[in-house]
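J.: Sequence:
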Amino acid sequence: MQELLNNSITLIQLSALILSIVLIILVSKRVDKQVHAANILLVFLLLNSYGLFLFVALKAGMIENLWFLYRTGLPPSMLVPAVAYLYIRSILRDENRLKWKDSLHLIPFLIAIVQYLPYYIAPVDQKKHLVSNLNGISDELMLTFGCLPENQFAIIRGLILLFYAYLIVPLIFDKNFRLKHISKEELKLDKKIIKWIKIFGISFSLNCIAIAFYFFLQFIQNQSTENLFLNILGFTIAIIFNGTLIYYSSYLILNPETLIGLYQIRNVNITKTKETPLKDDFNEVIEAVKMAFDINKIYIKPDINVEKLAFLIGHPTRATSYVINNYFGMNFNQLINNYRIKEAISKLENGYLKEFTIDALWSEIGFSNRTTFYKKFKEFTGLTPMEFVKKDQSVQKETPANKIEKKLFNHIVSDRRKD
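With the working numbering applied, the sequence shown corresponds to residues 89 to 507, in that order.
Worth flagging that the hints you see were computed from the coordinates, not collected in a lab. One thing to keep in mind: the hints can contain errors.
Stated by the list, open to error - 25 Å max Cα-Cα, derived PhoX-like pairs, lysine-lysine: (1) K478 / K463; (2) K396 / K280; (3) K378 / K442; (4) K463 / K385; (5) K466 / K442; (6) K147 / K215; (7) K463 / K479; (8) K396 / K378; (9) K464 / K435; (10) K463 / K389; (11) K463 / K435; (12) K464 / K478; (13) K464 / K385; (14) K117 / K286; (15) K378 / K464; (16) K478 / K435; (17) K117 / K279; (18) K117 / K283; (19) K464 / K442; (20) K216 / K147; (21) K479 / K466; (22) K442 / K385; (23) K117 / K396; (24) K385 / K466; (25) K479 / K435; (26) K187 / K286; (27) K466 / K478; (28) K396 / K464; (29) K463 / K442; (30) K396 / K385; (31) K378 / K389; (32) K466 / K389; (33) K280 / K216; (34) K442 / K478; (35) K479 / K464; (36) K396 / K279; (37) K479 / K442.
Said to hold, decoys possible - Just the calculated beta-carbon pair ranges, DEER-fashion: (38) N421 / R185: 30 to 38 Å; (39) F323 / N127: 34 to 42 Å; (40) D391 / V110: 31 to 39 Å.
Glycine is no exception: its CB is placed at the ideal position from the N, C-alpha and C atoms.
My request is simple: use the sequences and hints to build the entire structure.
T.: Next up, the structure:
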């Protein structure tokens, strides 16, 4: 029975480790300009995954072959609660850098270095002998190879975990980070991000509490004969720890947009009023987007998306998305297709097909396939590209290109009239 429970826990831990690796890949591939919080999250995932890997290796009896890695994950693991706290704080308070006072969070790491220094400087043969006699986490907590016996130092580790759980829980329920919003879409996404922070914060706090009690449990177990109750409690704690890890990892994988962060523009009034037009509030972002489209022709890139556009123009993704939706009056894909069709019309009017083919045209202006190009072209002109070429353009009072130009920006005039 005991063996079955151990195998079950190991399987759950492996699942948690795999999800953590998937998250590392997901976060590392983000191209959002606001990278501070994402970088902190990446550090958290790397530290947590490495510690989990070593824990699984010890639990599965593989640590003897990896003796050179033993105890290399313990000092970094002391940083994990601090990094989780800093990540949550950076999201909720819209921080873009660490403060000098944050260096105090290195104290647990330094304490661990001092604790395990006798082991680090020990001869290789002595390390191999010690690791070869380990059969699991319980044996590890019985070691005395450090400044303090391991079961006593585990109490210090547990207190540190409880301290950070105490910091995190009030932070995620703090009302001061609530922001004012303009659109329902922005508010909806922010609520989703806040939900993710609560899921992550509460889950991680439960992990801290579970691990702390596990350490306290082992300390009590060395002085008690009630091993059956303590073993059941230890198994329950292991399930809580790995279950919450799997839960919040799965949530972020299924909702990657929550990595963007809360919407906040510094030093501007984001409320659209008669006295403060939208274009004045977001003038820099608007001009950057217009330059990217009108001058740099960003729309000809087949893989362009709003995150990459925001990165290239040097503005937050949320601000870029908001400007496209509210200033240009359409979503990102509609804006891209408008510019591409406008480009196609311009080329066709200037005799593009005399030297090149239709397939060359749709590829050159950024469409990924012929079908989409034909569909969008007919939506805007009412004609296929070939029908458009055959039509006598000289009798048209207004060219399709000019019509699209007006469609792109006619809402601006409308807004001004309303104001």
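J.: Is the hinted pair K479 and K442 satisfied, with a Cα-Cα distance of at most 25 Å?
T.: Judged against 25 Å, a Cα distance of about 15 Å means the pair holds.
J.: When you check the alpha-carbon spacing of K463 and K389, does it fall within 25 Å?
T.: 19 Å, holds
J.: Just to be careful, I want the Cα atoms of K117 and K286 compared with a cutoff of 25 Å; is the pair within it?
T.: With Cα atoms ~24 Å apart, K117 and K286 stay inside 25 Å; holds.
J.: Would you mind confirming whether the straight-line C-alpha gap from K466 to K442 stays at or under 25 Å?
T.: 21 Å, holds
J.: Holds or violated: are the alpha carbons of K464 and K442 at most 25 Å from each other?
T.: 22 Å, holds
J.: Taking only the CA atoms, is the gap from K396 to K280 under or equal to 25 Å?
T.: Roughly 22 Å separates the two Cα atoms, so the pair holds.
J.: Take a quick look at whether K385 and K466 sit within 25 Å of each other, Cα to Cα.
T.: 22 Å, holds
J.: For a C-alpha distance cap of 25 Å, please report whether K466 and K478 respect it.
T.: 14 Å, holds
J.: K466 and K389 were given as a pair; does the straight-line alpha-carbon distance stay at or below 25 Å?
T.: 21 Å, holds
J.: Next pair to validate is K396 with K279; report whether the Cα-Cα distance is within 25 Å.
T.: 24 Å, holds
J.: Can you confirm whether the C-alpha distance between K117 and K279 stays at or below 25 Å?
T.: 24 Å, holds
J.: Taking 25 Å as the top limit, are the C-alpha atoms of K463 and K385 close enough?
T.: 21 Å, holds
Of the numbered hints stated above, those contradicted by the structure are hints 3, 33 and 40, listed in ascending order.
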